[in-house]
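Protein chains: 2
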Amino acid sequence: MKKMDLSGYELADLLLAALKSEISSHDVYARLAQKVQNAFLRERLNFLALEEDKHRQALEGIFRQRFPGREIVIPAQPVVPLPEILFRDEQVPLSAVFAQAMKAERAAHDFYLQLAERFGDDVEKKNLLIYFSMMEMGHYKLLDLEKSNLERLEEFGQEQELIHVGP
Amino acid sequence: MKKMDLSGYELADLLLAALKSEISSHDVYARLAQKVQNAFLRERLNFLALEEDKHRQALEGIFRQRFPGREIVIPAQPVVPLPEILFRDEQVPLSAVFAQAMKAERAAHDFYLQLAERFGDDVEKKNLLIYFSMMEMGHYKLLDLEKSNLERLEEFGQEQELIHVGP
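If you read the sequences in order, they're chains A and B.
Everything in the first sequence is counted per this note's numbering, starting at 185 for the first residue and increasing by one.
Everything in the second sequence is counted per this note's numbering, starting at 185 for the first residue and increasing by one.
Take every hint as true, because none was put in to throw you off.
For identical chains, the list gives no copy identity; a pair is met inside one copy or between any two copies.
Straight-line alpha carbon distances no greater than 27 Å define the calculated DSS-like cross-link-like pairs of lysine-lysine that follow:
hint	residue 1	residue 2
1	238	310
2	238	219
3	310	325
4	204	219
5	331	219
6	325	219
7	219	309
8	238	325
9	309	331
10	287	325
Calculated from the structure, these hints are not laboratory results.
Start from the sequences and build out the full structure, keeping to the hints where you can.
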């Protein structure tokens, strides 16, 4: 896998990009949770949303510590190229949403590993960010399993739910 | 992987064994959650406990539907050999607990796949049990990541928490 190169970015921008990504992922999972029929899957999506929200809170804490007094303004346009879960189509199969979410989770995993390197002098924060990267990999693996399950059901002739992810 | 052979067992015993295993896993995760320091890990363990509890509820529903009027009595001794998360030692590293939990989750995955075959005539229940097997595999993968993280920390000289899993 190509290593993400974050060397040209300022730490504040990286943290804001991470915040933007966490907020976006949280919103997608929370919206999906309201729409799926499967109650077990709904709980899982709510759990993923919860974890992304905890990441956001922790990142805000790091930002405030490193840049005291500076307002947290989430950029409308991404400064750092980090894949988001976005859909232009009106209706897509849930497995397609999961495939895109998996890309975003993998990118988040790579991103946090790189971001952790910026905290070489602060072992606690470095370990936290490495832990976040592992958590995103966990999301990736859960989504991968859910996606396989949906595809298996489709093979057996059960139509997948079509999901409108947009607001 | 050797396929679990459940052909010699009665359906009622298989469902009771599954219930016993879900209760046992729930209790271990819930107890671990109270003991770990890492707040993110605590939430994850509570989530695993929650999912096992939902499985228990669903299995009780299946049992009542298939054996109406029959009391649900969880066997003290396992009728079906299904690994549990058990510890005799007083204190063990958390990663060792996770290693044993992973074995139990993998066995539960295999078990549900076999159990699903008993419901060939009932597509809804069959799919539910296949879905449960996938969920247990999800637990396996989350535990695997958490275990790697603990081991990584230990490599960097941070002592793992010692956990007393017993009651």
